[in-house]
Every structure is written in C-alpha cells, then in structure tokens.
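Peer 1: What follows is each chain in one-letter form.
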Amino acid sequence: MSPARAAMALLAVLFLSVPLARAAEPDPADWAGLTAKARGETVYFYAWGGEPRINAYIGWAADQVVAKYGITLKQVKVDDTSSVVSRVLAEKAAGQTSGGAIDLIWINGENFAAMKREGLLLKEGWADKLPAWKHVDVAGKPTVINDFTVPTDGLEAPWGMAQLVFIHDTARLATPPRSLAALLDWAKANPGRFTYPQPPDFHGTTFLKQALYAVAPDRAALSAPVTDASFSAVSGPLFAYLDALHPVLWRSGRAFPQNSAAMMQLLADGETGIAFNFNPAAASNAIANGELPETVRTYVLDGGTIGNTHFVAIPFNSSAPAGAMVVADFLMSAEAQAHKQDPNVWGDPTVLAVGSLPADEKARFDALDLGIATLTPSELGRTLPEPHPSWTTRLEQAWSARYGVE
Amino acid sequence: MTGQAGKPGLALQLAPGLTVVLLILPVVAGLSGAALPAFGYLPVLGGEHFSLDPWRMLMAQPGIWRSAIFSYLTALAATALSLGLVLGFIGAWSETRLFALMHRALSPLLSVPHAAAAFALAFLIAPSGWIMRLLSPWATGFDRPPDILILHDPLGLSMIAGLVAKEAPFLFLMTLAALPQTQVRRHMQVAASFGYGRLAGFFKVALPQIYPQIRLPVLAVIAYSSSVVDVAMILGPTLPAPLAVQLTHWMRDPDLAMRFAASAGALLQVGVTAAAILTWLAGERLARLLHQRWRVDGGRMAADGAARAGLAAATLILIAAMGLGLVGLVLWSVAGFWPFPASLPPAVSLKTWASALPQLSGPTGTTLWLGLAATLAALVLTIACLEREVRTGRRPHRAALGLIYVPLLVPQVAFLFGLQFLLIAMGLGTSGGALAFTHFLFVLPYVFLSLGDPWRAWDPRYAQIASGLGAGQWRIFWRVRLPMLLAPVLTAAAVGFAVSVGQYLPTLLIGGGRFATLTTEAVALASGGSRRIIAVYALLQMALPLAGFVLATTLPAMLFRNRRDMRPGHG
Amino acid sequence: MGESDLILKDVRITRQGAPLIALDCRIGPGEVVTVMGESGVGKSTLLSFIAGFLPPAFEAEGRVLLAGRDITALPAHARRIGLLFQDDLLFPHMSVIENLMFAVPQGVKRATRRDLAGKALADVALDGLEDRDPASLSGGQRARVALMRVLLSEPKALLLDEPFSKLDAGLRDQIRRLVFAKARERRLPVLLVTHDARDAEAAGGPIVTLQVSQTNLPK
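Chains as they are written, first to last, in my numbering: chain A, 1 to 406; chain B, 1 to 571; chain C, 1 to 219.
One thing to keep in mind: the hints can contain errors.
Claimed, not checked - With a straight-line cut-off of 20 Å between C-alpha atoms, the simulated EDC-like cross-links for lysine to aspartate or glutamate are:
1. A:K134 with A:D153
2. B:K351 with A:E294
3. C:K166 with B:D565
4. A:K129 with A:E335
5. C:K166 with B:D459
6. A:K134 with A:D360
7. A:K123 with A:E25
8. A:K116 with B:D253
9. A:K188 with B:D147
10. A:K188 with A:D243
11. C:K109 with C:E154
12. A:K116 with B:D255
13. A:K116 with A:D153
Keep in mind the hints are simulated off the structure, nothing from the lab.
Let's have the full structure, built from the sequences with the hints guiding it.
Peer 2: Structure (structure tokens):
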C-alpha cells in the first residue's frame, strides 16, 4: 500500500463517489435457479453472539444448509448489531457496491428502519417470494411484515418471535406485581429491589415503551412517527411515573445495569426481585444453565406486553445474495423453526402458523415441551405492537436528557 | 563510544523512515476520515457541505462536558497512582527478597487482558462479589447483597482501581527494564552511606535517571486510560459514561445521523487525550522545579519504615486483589447456580468449558497467525531500526522516536473508523493482510518500547572485538548480538504478541468481522452477560499471552543453561 | 621500512571542529608503541579510528597504513586489526572453544577450526577447558583466552586499550609479559593505550604522551 495510492483512494472516494454498476439481484421466485446459483457459496451471517445456545443453533443450521444446498454458512459473532449497520454504511460510503463483508444480518427495529431508509439493503423484496413464506403467520402475527410498524416489503425474512416477559423468583416473591402501577407500589414497599437496563439498551428502551403504553392516552399515536405534539402528550405522565420510580430503584437510580444480562445477574444474586426479558424462554434457559435458581418463573402484565419479530436481512452489496436467500428460506422452514422452538435448543417462538402446517410438520411443534418457566402461547396473552421506531430515538434522547447526568 | 561507525545496507538505512511512514500514515488517514464527517462532510448520509452542525449535536448531548472531564481526570489519576505505586515500591524494596517475590507475581499480570482484569476486579468488589460473600452473612448479616454503589460509582474509583491493577504491572516491568542502564544501584549505595533513607535516596538520586527512560510508557498509559472503552464499561460510571464509551454508543446508534456527532466526539476525544498528556507534561516541569530544591535540602528521611511498609502493603493488596479476582474467574467458569451469600459455588460443572472448547480451534488459529505475523513484522522492523542505530552510532531524532508511539497516543476510536473506510475503498475491506497490518500498528510501539533499551545498552565493545576478529556486520549480528540479546528479543515478542491478542476494535473493524479471534469471540459472548462464559473466555484469552511469556523466559534459560553470564538479571 | 608496519600518517581527530588528537607515527613488527595521557584526552578515540569505528561525533583526517595497504576506508572487519580491552569480553553465550573458533578465519574447515582453537588453548596451558562456560573461568584464564582468541584471528596488528588494568597486581605482570611475548613472536606491530607507567616500561618501546588539544609527536 503506497501512500500515494492510499491518498488517491481517499480522494476518489470522498470527493468523486462514483457509483459503480451493480450486479443484478438473484430472483427468489426462480427457486431452482436460486439454489443452483447458491451452491458452493459461502454466506457470512452476522448475528449477535452473546448466547451460546443461539450460536449452537446457527451451527446446526450451517450443518443443514451445507448438506441440503451445498452452502457454507459461517456465523460472525458480533456484540452489537448496530456495528454491522455501521460496516455496511462504511462500505457504501467507500463505494463498495458488491462483494461486501456481510451477506446476512440478524436484525429488527431501528436497525432495520435505518438500513431500509439509507438504502443499505437489497433493493427488491425477496423474503415473501421464498417457498417457506407460505406458512408464515401473517394474519396471526402481523409484526412479521411490520417491523416496529415499518413495512418490511420483503426486505427481511422473519426468523422468530419475541415478547417481553417478566421474571421473578417465587422463593423470594410469591405474587409479583402485574401492572406498572402495581410495580411502582411494590418498588416503594421494597426499595432497591427493581431496576431496568439503562437506555439506549434495547431492553431498557422497551421498558420505557411498556410504560408508555400504560400512560398513553391515545395508543394509536404510538404507531405513527413521533411528533412534538404526540410526544409531549405522553412525556408528562411518563416522566411523572419514572420520577416516582427512580428514587426507589436499585442503587436509588444512581446506576443502572448496562443490559438485560446484567439485570438477570442481579436477579440471580438476589439483589433485585424482578427482571424482564424479550425471550419468553429466557428463564427456562437460565435455569438449565445454572444461571437462575429453579424457583424462578415467568409472567406477563395484565393488558399485555410488547412483542415483536426478529428477522434476517441481506445488505445491498452482499457477496452471496442467492446463498443468503436460501439460508433465510431454510431458517423459516418448519424443520428449522421447530428445532429453534425446542427449549433445549433455543426456545425461540416460531413465526409460522403452526395450524396451517402439514400434519407431520405440525407434529414437530406439538412434541415440544416448552420448559418449566416458560409460558404457553395462551398464557403469554396479548402482545402490544412496537411503537414506530422514531419513538425509540425520541424516548432515548429524552431519558438521557432527564436522567442521563446524575 | 556508541558502536561501529560504518555504512549499513540500504534496507537498514531506510528502516526508520519506513517504520515511521507505516505507522503515521494510517493514523493520519484514519483521523482525516473522522475529521471530515466531524465538520459535516459525509455524502453517503447526505452531508454535502461543511458545517458545524455535528459539533452542535455533540454539545447538545447531555453531560458531554462531564464525560470529557471525567475521562481527563481519571486518566491522570490512574496514571499518577500507578506510577507512584511502582516507583515507591521499587524505591522502597528493590533488591530484597520481597521484591523478587513481587516481581515474579506481577509479571504474569501483564498477560491478563484489560477486560478480564476488570471483570476479575468486578467479581471481587461488587456488593454481590467475593469479598462480600466471604464476609456474609456471619460478619455483615447480609443474606442478600447490600444496595450500595461500588461498581459504576460516579467518582470512578472502581474504574481507577481497575486501570491501576493493569497499568501498574506494565509500568513496573518498564521501569525494571530501564534500571540496568543507569547507575541507580551504586548511586543509592552512595546516598545510603550519607545517611539517606532508601526512599529518599531513590527519589532524590535515582528518579531523575529513571524517569526519562519510562516517560513514553507513562504517556502511553495516560493516552490509554483517557480513551479506554472496555474497562470503562465494566467499572466506570454510566450517568454519564466516560467520553470513549459515549462515543462508542454514538458510533453504533441506529440513528445514523449520530455518526456526525460521533465523529466530532472522536476529535473531542483526541483533544481530551492531548489535554491529559499536556497537563502531565506541565506537571513534569513543576515536579522538576520542586525536585531541584528538595534534593539538596539535606533531608535524610531515614525513618521511612512506615512509608515502606505502606508501599509494600499497597502492592500486596493490588496483587492479592488480582490474584483473588482470577481465582474468582476460575470458580465462576465451573460454577453451577451460585447464590449469594455462598462463598463457594454449591454445584460445580465443566459444562461451560465443554461447550466452549470445541469452538476454539478456529479462533485460536486466527489469533496465533495474526499475532505471530504482526509480531514478526514488528520485530524485524524494530531490529532493523536498532541495528541501523547501533551500526551508525546515530540515534534518531527525539521527535522521530516519538512518532513511533503515535498509534499508542492517538485514541483508537478516533482513527479506526476512518482507517476502516479507507481500506474498504482500497478493496482491502476483509483482507487478512490489512488486518495483520493494523495489529502491527499497535504491536510495533510496544516491541520498540521493550527492545530499544536492552539493544542500546548492549556493550558495543563485543561488536568491536568481533570485527577485530574479522567478523562482518551480519556475522556479528547473527552470531553475537542476536544470541546475546535473545532474552529481550523474546520478551519483546511476547509483549507484542500479547498486545495483538488483546485487540478487539481493530480486529472487528478492519477484518470486517470475518476473522474471529479469541478476543472477538470473548467480547461477543460477553455481551450475553453470562459470568460463566465471560470467565471461561477471559481465562482463554489470558492463556496464549501467558504461554508466550513463559516461552520467552524458559527458552533462553534452556538454551543458555550452562552460561552463567546469560542468566536474567546478570550484568 | 618493514613490510608489516602499522603507519599512522598525519592523523588528526577533531570533535565538532575542535582539535583533539594529532599523531604521526610508525610501528614496526614486534614493536610496541605506548600512548599515554590523562583520561579524557582521546586515547580510546584514537584506537576506534584505527580500528574502524570512530563515532559520528568525531571527524578524522590522515591515513592508516597496515602491511603496505591503506586501510583508512576499509570497514572494521576487513582491517585485520585485533583488539584487547580492559574487559576480556568473551562472548557469554559461547563456550570457551566456541569463542576461539569464532575467531578462526573464514574458509577454514570445521574440524581444522576446532583443532586450531584447541592448540591455542593448550599453548597457554588451558587445555581441558574447551567446553567450559567462560563465566566459570578465573580472571587470569579469561585474559589468556581473550589473548588467544585475538591471535587466532590472524591479525596484522594489535591495539591494546588498557588491557591489564582490571587484573590483580600479581596476575598483571604475568599477562603483560605473555601478551608482549606473543606479539613479538608473531612480529605484530602493537599500539598500547594506557595510563599505567609500568605498562609502558614493560612494553619497552617508544612512548607517546597525548595532551589535550596539542600536537603529539613521538619522542
């Protein structure tokens, strides 16, 4: 790398930004053509790597796709999905329109919204043209096509379902508070025993959204992009609630756990009495891993908790888009979805309409034992939709301005 | 007399220039990659015109100044404490049995990655940590952890402790390496014969000789402490977080417009680091003035027993804390459910190890080849520069020497994003070579730092004798200088290798994530927050550098087992 | 005029323009010229100029001729000038025999190298110490190994930089005699730098006394 060449490259990229011709995207409707093209490809799947069970599941999927389709699937374990978004952005800024590092991303919410808005994903919708799409539960699980209210337009394929569940240790707290108002009363009676991860941590922001549902006079406004008016209509009651809650939080609200895992650890150490998680099977998993006592159970709030869908998406400059689509199709298949929902594997709820599956595939789901601390779908009850992603940013900023500096 | 004057080959002549260019160019290019968006220019996100909006965005962030000032102050505090402890301990106890013991205990701590050290400390001192468990409930009455703020405290005390635990061993070894080149031992004997206490003798006579030798490592410690991310996340305050942590959050904000503020923040980080360094340099001047008066005031401070005991105690506490913390890591790595206030895990299993080990061959291989490639390149260039120096008898200009340390003094977060961008633009976005080169950037300064002093201190008359015997420059190099300096060369290699193993951000950014190392795996898995997994990977991360250090000390000892004058500490 | 003389022709060494040493002399085979002077006068600088490693802080003019060849511009290892310092400087990572074999000129076969080295050792009554660590030898033994090492390299002249000053008084005389005897035996021109008058006396040759910034001529 000569200095001159480096300088030239920098100049060329920053000041000229010549767009290069793009290769045509593979056509997911032509399944035979797609699998033929995908054979022999290596798909780099950038997925959060913080949970060995999930990593092991992806490893299992890799074994399947190499056997079935001759695709090499490699997980790139990342600590934060937004660093992957940054990478694609940097590649776009640097003019790399093909052969990018990332072929498939595990994604949802604001990260998807940002990638879609900035044109960082494949241009044409592909997910809804895949064979496995026909059993996706679009009617029963509307979030599979509306990611935090943003239409997916087939730019990402649903992979799993999440719903906020609360976790408590029955040995220390027999009847947990089932609404946020009751939670406040409980916290006042038991100061220092509850906390939530510090926004902008994903789980922390979700707690704010859950509180938003509890105080919002007009829930419909949450599905639309946030405005000053709609925000100020809810910010008053929201902050009144948080102002009352914070003094009785763990460490009196002078410190917050940095993520859901740290919050779960506080529960395990007995520092707090209640935690929450987006994976309904989290408690059962943690018991199995020796991370939580066997007396831990899951519950949801009266009136429902926030639920969403997580997806896989393909960047605009993926080096193996055909392979990535085939992998996404496999991840949506009944075989992969049932294996994923097994609590001994991962315990992640399916995106499929199990009732519509052929009998033999349906049987895979029926055979699953969800685990001691996992609620059944009926117990999970109503899910509340995620607010529009713009609420996320707004909430995080407002929180940080009000509570971010002690 | 410095060496054999003569004309070395062209390759050697060019070595220093080449080294400086290789180190400076990426940093400068990376910084400019941050500077353009910081002033509003980033066409891909719609920034077509230069403006100050990113700075306005940055300044609108709540607590931004507090974050910046916190980073500035913790860096100075952690460095001053580490240096004070190290110098005090060496002054008070060098050439005693206790000293030899501590030396042996401190050296392996160098191979503990920063994040692992921070986790080890956190496991120890948290309200639910090991100390509290050992004391509960019999002494404290607690059956659940007390609600007190120890980790993430607003004053940053636990973060400073974490930094000291890691930087003190580094400065300790750097100081020990500098000692043999000075007349410290004899001068302290002279001072003692005049009735000066050990500490007074050391600080009045020895310090002015030692300090110039360890100044660059000290500045590197300031730069590191002011921009550290991992330790700050584990131990530092969060309301607001230190600047570098905030910066990392903004870089990763799903709201891509925050990239502008993040770029301005990167420049602010450079400013904070520079301010901390400049403050330190000003402090040096003041200290020199005070020292000039103090050293001739005749004060013997002969009764320094209490101070010496205090220094020994502080060092012991430091080592004990790290030792206990590491034992805690081992326990967590095999623990089943381990409730508070149990002192030991009631159930033990190798499950976490068993699930981790089969995954390790790939990351271990990548870690090894990256570390070896970067270290070998750094060794070759360092030795080339030093050979040129020794052969021509010309030491490079001080400023040129300082340039080698630029990658250590400029915060990583400030230039790596720009460098990543540049490499992608050059089509090297996922190139193993570019990744190894980036590791080399951070490895070389440490290799130079550890090898420079012993190389220069080598008695040039050996080379003169050898050339009088008819040996040419290269024969002298291969047969005399290199074998005689094998121990420091291997130590420098071990240090460089450890630095490479510890790199997270560069590996992730420059390798495009495609090169999984033990450290990238450890950080990715740590994001899941399981103490067991964190412990397993922290120990694994430590294992390779430790193996390197063990090899570096045993290999020369084995090769030269029958050569008394080649033993460490001799001469 | 001998064929194997060491000749210093109008040698002038300056430091940043300031004159330090000026010397013009001829040393015949087997002859020892002793350079004396206070410390700091530049005795060692003179030796480093002759041997070919003058530090860059100094400038020198004049020429050095050895065995009829102008060696002024030759690199140190090609000058064939042997050195002895006050420290024996045996290479600590090599055994005694390896130290000696290192000095045997290139091109000599390995078996012969070992032979030559062994004979040299026997020559000073040190046979049996071949594989010893130099650090385990006594001061007198080390001095003798160092002497034989330099002689094995077949130098055409010897430069001695206070070579006896670190030896015990009893030993000093013995080694001194040995060194001069060996040099005479091989008819080597020797330049000795010392501040010990007894060294000069034992050398028996002409004495040059260097003074700071003054022209020095042989007596």
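Peer 1: None of the hints should be skipped; say for each whether it holds.
Peer 2: Cross-check of the supplied hints:
1. A:K134 with A:D153: Measuring from Cα to Cα gives roughly 15 Å; hence the hint holds.
2. B:K351 with A:E294: Between B:K351 and A:E294 the Cα gap is close to 18 Å, so the pair holds against 20 Å.
3. C:K166 with B:D565: 18 Å, holds
4. A:K129 with A:E335: 19 Å, holds
5. C:K166 with B:D459: OK: C:K166 and B:D459 at ~17 Å, within 20 Å.
6. A:K134 with A:D360: 16 Å, holds
7. A:K123 with A:E25: 8 Å, holds
8. A:K116 with B:D253: With a Cα-Cα distance of about 15 Å, the restraint between A:K116 and B:D253 holds, given a limit of 20 Å.
9. A:K188 with B:D147: Between A:K188 and B:D147 the Cα gap is close to 15 Å, so the pair holds against 20 Å.
10. A:K188 with A:D243: Status holds; Cα separation ~12 Å.
11. C:K109 with C:E154: The hint holds at about 16 Å.
12. A:K116 with B:D255: 12 Å, holds
13. A:K116 with A:D153: 10 Å, holds
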